[in-house]
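Peer 1: Sequence lines, in order, name chains X and G. Counting with the numbering used here, you get residues 1 to 495 for the letters of the first sequence. Counting with the numbering used here, you get residues 1001 to 1095 for the letters of the second sequence.
What you were told as hints is all true, and nothing was included just to trick you.
Taking beta-carbon pairs under 8 Å as the criterion, some of the chain G residues facing chain X (in silico):
# : residue
1 : PRO1051
2 : LEU1060
3 : ASN1079
4 : ASP1082
5 : PRO1091
Treat the hints as calculated values from the structure; they're not laboratory data. Predicted model only: the values in this text are computed from it and were never measured. Virtual Cβ for every residue (Gly too), placed ideally from N, Cα, C.
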Amino acid sequence: MSDLNKLGLAEARDALRKGETTSVELTEACLKAIDAADALNAFVHKTPEIALERAKAADARIQEGEAPAMCGLPVGIKDLFCTKGVASQAASKILDGFKPEYESTVSQQLADAGAVMLGKLNMDEFAMGSSNETSAYGNAVSPWRRGNDDAQLTPGGSSGGSASAVAADLCLAATGTDTGGSIRQPAAFTGTVGIKPTYGRCSRWGVVAFASSLDQAGPMTKSVRDAAIMLEAMCGHDPKDSTSAELAVPNFEAMLTGDIKGKKIGIPKEYRMEGMPAEIEKLWADGTEMLKAAGAEIVDISLPHTKYALPAYYVIAPAEASSNLARYDGVRYGNRAVLEAGDGITEMYEKSRAAGFGQEVQRRVMIGTYVLSAGFYDAYYNRARRVRALIKRDFEEVFAAGVDAILTPATPSAAFGLGEMIDADPVQMYLNDVFTVTVNLAGLPGIAVPAGLDTQGLPLGLQLIGRPWEEGDLLNTAYALESAAGFVAKPGKWW
Amino acid sequence: MSIDQNTAAKVAKLARIKVEEDALPALAEEFNTILGFIEQLNEVDVEGVEPMTSVTPQRLKRREDVVNDGNQQDKILSNAPDAREGFFAVPKVVE
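Bound conformation, chain X alone:
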């Protein structure tokens, strides 16, 4: 077989089962593609020795029969996941050189299932960003270009390296994490599939914390079927995460029938934003028609507090971040700034954090500190948490009325150029998450599915939002949408 790195998880799994290829061959093909793609800056720590060792073990396991679905499949791991003995620095200078003595539950589960880790993937620093431009490793670059224009585009963020690597076929799939849209927005920007499961589905243990009440891990893949396969391997109860749900994990792949007859799909009027590009408007209308043609019932719904999701998020997420990032103090791990004679412990904290955190991280930690400070806690933090309760209630009412899933655009535009947003104020960048952030605030599952190309040839994605814990049903609706949209475009290789 040729171009093994271009396979998806399901195809590769089936080929392994039939003995048409081996995990070592798949892994070698990916390692070769990774080495030839340094221009994308997607893989920031390569682990070829670990990869080949695991590939050999996987081949032996497959030979014996009884191997799980992910066995022998080479994947990339976002740098936010702690991986034992392998640099894990959340794309931050403050964790330069940090090598965890432990493995995150999600990456451990993937390893136990026989998945092969190829290396660590670029991202925005501490997952704070929508363009992968806040990374200490430098920008990750999208394999996509606007026609023949050679301007570099963002793969989105924060899981930008994951999206770029999957879209460029450097790996079969990758892990991502999503706090406000960090799986779904980069998936939409790169023509890949990304699902954020219900809050509590995937253990957060060993994943560097950003905003603990919003963070969830999920897979980034080449198809909905692949997302179902990988999500199943990533999910499950973990006693080490007190918010991890004690629920059985279904066989998600078995639920992909493509039959969505009679399903009620809600179209929320509040997502029709002023100034929305006509292309996004059309994509959304086309997606609606596709689901209707597949037998779904389309209903207009209202989620009245949608407008307040972003401002609520930009109170809650920084507040939690300011608390979570207090641990980076130059004492237990990470970097300590060079101190001057007479500097005490306060100077050590202040200098280490100023030198170690990038601009966006500093900004969010300080905003979080402010909204939690005496005198403002009620006005900002408590108010935001009340609005969050109302946002969740909006969804609950719609689901109680019988809606099975909600269809929205995934992003307000196609990918923009790296550096194009440099002069914009921070709020302009935050608007990237306008369609995805509600889902994190309500703890729901959401999936981005590639659905078309814009006039410049860039991918555009649609988002489906499901009921809590019903990822299987959501994946099946996404599968029907994917089949109808028939998105097959791939970026032309220039790197």
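Given chain X, put chain G in place with the hints provided.
Peer 2: Then chain G, alone, in the frame of chain X:
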């Protein structure tokens, strides 16, 4: 609510992030942009709504109050910028 340079300096101090004096005006301006955006929340009627504590209704799990981990001093110190004689070392704290 408008943030001046003094408030920005106070917030930086609380967050234990050193910000140089000449960077304070720009920082205060950024805070004001973001807080201006957040102000929209004041339009929402939140009367009688409890602040959300957990997105999925659940009681935090409890476990037996016993030692279930430990004896890994070397591992814990392995990433420290300055570890000596089995301890994390820091600059002088008490005068």
